[in-house]
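With chain B's structure known, arrange chain Z on it following the hints.
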Amino acid sequence: MAKITFDGIEVEVEDGTTILQAARKIGGDVVPPAMCFYTPLKGSGGKCRVCLVKVTQGSARDPRPMPKLVASCITPVQDGMVVENTTNEDVLNARKGIVEMLLINHPLDCPVCDQAGECDLQNLSYEHGVSATRYEEPRRTFDKVDLGPYIQLHMTRCILCYRCVYTADQITEKRVHGVLGRGDAAEIGTYIENVIDNDFSGNVIDVCPVGALTDKTWRFKNRVWFTKPLNAHRDCPTCSGKVTLWGRGDTVLRVTARKDEYAEVEEFICNTCRFDKKEMSDWTIEGPRHIDRGSVISANHYELPVVNVPIVPNLPKSTVKKMPTE
Amino acid sequence: MTLAERMYLPAIAQGLGITIKHFFKKKATINYPEETRQRSDIWRGLHVLKRDENGAERCTACGLCAVACPAEAITMTAGERKKGEEHLYREEKYAVTYEVNMLRCIFCGLCEEACPKAAIFLQDDKIAPARYERDEFIYGKDRLVEPLKTTETK
Numbered sequence: 001m002a003k004i005t006f007d008g009i010e011v012e013v014e015d016g017t018t019i020l021q022a023a024r025k026i027g028g029d030v031v032p033p034a035m036c037f038y039t040p041l042k043g044s045g046g047k048c049r050v051c052l053v054k055v056t057q058g059s060a061r062d063p064r065p066m067p068k069l070v071a072s073c074i075t076p077v078q079d080g081m082v083v084e085n086t087t088n089e090d091v092l093n094a095r096k097g098i099v100e101m102l103l104i105n106h107p108l109d110c111p112v113c114d115q116a117g118e119c120d121l122q123n124l125s126y127e128h129g130v131s132a133t134r135y136e137e138p139r140r141t142f143d144k145v146d147l148g149p150y151i152q153l154h155m156t157r158c159i160l161c162y163r164c165v166y167t168a169d170q171i172t173e174k175r176v177h178g179v180l181g182r183g184d185a186a187e188i189g190t191y192i193e194n195v196i197d198n199d200f201s202g203n204v205i206d207v208c209p210v211g212a213l214t215d216k217t218w219r220f221k222n223r224v225w226f227t228k229p230l231n232a233h234r235d236c237p238t239c240s241g242k243v244t245l246w247g248r249g250d251t252v253l254r255v256t257a258r259k260d261e262y263a264e265v266e267e268f269i270c271n272t273c274r275f276d277k278k279e280m281s282d283w284t285i286e287g288p289r290h291i292d293r294g295s296v297i298s299a300n301h302y303e304l305p306v307v308n309v310p311i312v313p314n315l316p317k318s319t320v321k322k323m324p325t326e
Numbered sequence: 001m002t003l004a005e006r007m008y009l010p011a012i013a014q015g016l017g018i019t020i021k022h023f024f025k026k027k028a029t030i031n032y033p034e035e036t037r038q039r040s041d042i043w044r045g046l047h048v049l050k051r052d053e054n055g056a057e058r059c060t061a062c063g064l065c066a067v068a069c070p071a072e073a074i075t076m077t078a079g080e081r082k083k084g085e086e087h088l089y090r091e092e093k094y095a096v097t098y099e100v101n102m103l104r105c106i107f108c109g110l111c112e113e114a115c116p117k118a119a120i121f122l123q124d125d126k127i128a129p130a131r132y133e134r135d136e137f138i139y140g141k142d143r144l145v146e147p148l149k150t151t152e153t154k
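For the protein sequence lines, the chains are B and Z, in the order given.
So the first sequence is numbered by the UniProt record's numbering: it starts at 1 and just counts up by one.
So the second sequence is numbered by the UniProt record's numbering: it starts at 1 and just counts up by one.
Just so you know, the hints here were simulated from the structure itself, not pulled from any lab data.
Computed from a predicted model, the values in this text were never measured in an experiment.
Every residue gets a Cβ at the ideal spot worked out from N, C-alpha and C, and that includes glycine.
Mixed in with the good hints there might be a few duds.
Where chain Z lies over chain B, by a calculated footprint (3+ residues, C-beta under 8 Å) [unchecked claim]:
1. 101-113
2. 215-229
The list that follows gives simulated cross-link-like pairs (lysine-lysine, DSS-like), each with its CA atoms no further than 25 Å apart [claimed, not checked]:
3. B:144 x Z:82
4. B:216 x B:242
5. B:54 x B:25
6. B:144 x Z:83
7. Z:83 x B:221
8. Z:117 x B:221
9. Z:50 x B:221
Chain B on its own, in the form it takes in the complex:
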């Protein structure tokens, strides 16, 4: 076990845990953001640099500070480590610079983009970025690449986090897409425009932190903040069948995997569940999905305030809130 101090908060974690995971154990506002790191995907992380933190004391044995900011998602903790994130001016300035760099080639098409409202980059730039751009050169443009009938690729929005590549590598047997080119010319492609037709290929939509990979069956159907999320499940032979339905009234507009507070998928779902089961009758509804109040998706969602939980039978999980203990 290793004891570290993160932003002045002491936390004890297993040896070999990364700084980011230790911070997530604390939770709340001190957790560094992460655009490329994704817990279910092995080897992800270390690419986007938004999770940079300052290590002011390397360990109890060697208290020297680390000379440069380190990426918290791939740096393991050591006993006695002291880490600064939100309390360090350098970290916040560096993050601001990184957001600006990520936005250099990212188009400003949020009004058109289907990811708007649940986009990690949108949240990140809102919290850490500046509202104006200093970039005057033309942004990158690409020829349209067709990824089959289900997945829409907008290469201009890609921030090259490699999450989808790892997903295809690790949860499907044969990946047919990857990153082509190097440095400035790097882009996601399927090489000979191969169609992604694996049972689990749809999960690249969920892992994408921006709107580069989106659901074609949901394209322009509605804005995410007008849809009501519901937890639902079905008996699926290929996957767990536990999903979130996004719909209006009785129509299911979109099916996604369930994501936790760090937008990480809890269980990957198959393409049949995601693209073909668009009827309410296909699903067993568990109840409304709780959306964080700070999110735009929660606008106009009215949750039932349950004060006395024990007297209401069969409450959906989302309505149960932590009551202050007396």
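What follows is chain Z alone, placed relative to chain B:
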């Protein structure tokens, strides 16, 4: 009290005086709708969906006006622009239907403020007139979109 006072003569003369004075005063009313009053420059009236300099609709159905609307008066459905419609719609996505319920609208102008494409504006010279039927207050794109300026083209 004198006889004249008892017969209310001074009071009647005073009352008539006030009435006659009002004949020569400026009228408080105007002959609407033939005449209209001058409105403030920031007066918020009927909505309009603007077109850009090439005559294409600016609205991209992003839904920010609808989510900003405190009265939930705005609804829309989006569609994808097809090839050959570039002169009609500015962006890849456009509003197939766009409806403002003028009975719900409180003319607060938050939609105008929320719009990232400078598409929706509250005009300062038009209002939503009274009508007999409730469905006539649901303004669709046919009544909201700015008409094409045909006279200005060569």
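Broken hints, by number: As far as the earlier hints go, not one is violated by this structure.
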